[in-house]
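Student: As you go down the protein sequences, you meet chains D and P in turn. Counting in the numbering used here, the final residue of the first sequence is number 791, and the numbers go up one at a time with none missing. Counting in the numbering used here, the final residue of the second sequence is number 107, and the numbers go up one at a time with none missing.
A few of these clues could be false.
To be verified - Derived, one-sided and incomplete: chain P residues facing chain D with beta-carbon distance under 8 Å:
1. M(-19)
2. V11
3. E15
4. A18
5. T60
What the hints assert, rightly or not - For each label pair, taking beta carbons as the anchor points, the in silico distance ranges come out as:
6. D:A579 / P:S33: 24 to 34 Å
7. P:G36 / D:R710: 20 to 30 Å
8. D:D728 / P:G20: 36 to 46 Å
9. P:E3 / D:M707: 47 to 57 Å
10. D:S757 / P:E3: 19 to 29 Å
11. P:E3 / D:D633: 24 to 34 Å
If you are wondering where the hints come from, they were derived from the structure by calculation, not from laboratory data. As the structure is a prediction and not an experimental result, all values here were calculated from the model. In this text, a Cβ means the ideal position worked out from N, Cα and C, and glycines have one as well.
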Amino acid sequence: MTLTNAEAALELDESLAATHEQVWQRLGNCGTWWTGRERVAAISEARQALICSLCSERSEALSPVMVSGEHDSISNLPPAAIDFVHRLTTDPGRLSEKWASQVIESITEEAYVELATVISTQYVIDSFARCLGLPLRDLPKAGDGMPNRIRPDGVGDVGAWVSQTIDKSLANVSRAASLVPDTEILWREIVQSHYSRGPQFADLVWDRGLTRPQVELVASTVSALNECFY
Amino acid sequence: MLRASSEAIRSEVDLARLEVGAEVENGELLVRYAESAARGDSDLDKVREELASRVGQLGVIEAAATVSAFEGLNRIADATGIQLDAGLADESADFRSTLGLDAYSGASSTDSQGTPGRAGNVMEIFS
């Protein structure tokens, strides 16, 4: 499929294209724990991670902690945030609770979750473009404003590395970003548009471009490549 | 979800043969596309063309949407250290060991390895 064909096919899914556009721009808005400028810097840093020499060396090593050095960074984010963004982008399957605790101690738990949510959302949109041979979007415009740093009510320790909503009516993966609800909305919108699609998720038989077993096979393959236990 | 959705359309799935498509229609090619896309392999354009000829443009868009969704889902799950839900641990206990999934780093986040057993309705785990 050529680039032109991919773009033409995308036009058939106007809903997905519209969701990408508005979620992408909102990623650049001021968050609850990071400014718009910092969030855009993090997005830029995540793209840089894909050509970072240290990340490349670490991904080849038996353990990422065996290789020390400095990332090929392009932002003024705190060093712990830069390491977080690079490792989450290039080696997510080998993050550890001990390492996460050190990052959290440095940047706070809420900032950690907001950054994880921004980068995971960005990764979906960038990865989709790469999958189809389309160019990556320009960075979103950084919004004005200052983070209000308000921690939501009803969150606590439910056994994950970070606090989540203690309302257990949702699966753990659906609560992963619940510590930062204003950014979690973006995450939910992108996952809904790509995969779960609201009430359709409850149906085991799908009428889409692929059957549900085909979709789940692709999902399983990616999760295996990333060594994601969940 | 792969096993449950295959059973829903009365189709056989072989989880031990995931790498070659698990007996899913066009499975081997879908796996090749997912691998090539996730790794950024040099043959991605070629594999995508081949996939389009088999499942159509919308099928390719769906595959791309799924690859990218799970690239993100894997990252947020790994970064937050979420545990496997109890029902999911039971549902997957029989094949996790066979497929080597219990050796993944993220397995240490889950307290209970689960008791092998199939859920009456696997979707209830996520509701």
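Student: Against this structure, judge whether each hint is valid.
Tutor: Evaluated hints:
no. : hint                       : verdict
1   : M(-19)                     : holds, 5 Å
2   : V11                        : holds, 5 Å
3   : E15                        : holds, 6 Å
4   : A18                        : holds, 5 Å
5   : T60                        : holds, 5 Å
6   : D:A579 / P:S33: 24 to 34 Å : holds, 28 Å
7   : P:G36 / D:R710: 20 to 30 Å : violated, 48 Å
8   : D:D728 / P:G20: 36 to 46 Å : holds, 38 Å
9   : P:E3 / D:M707: 47 to 57 Å  : holds, 55 Å
10  : D:S757 / P:E3: 19 to 29 Å  : holds, 25 Å
11  : P:E3 / D:D633: 24 to 34 Å  : violated, 44 Å
In the structure shown, a violation is registered for the earlier hints numbered 7 and 11, in ascending order.
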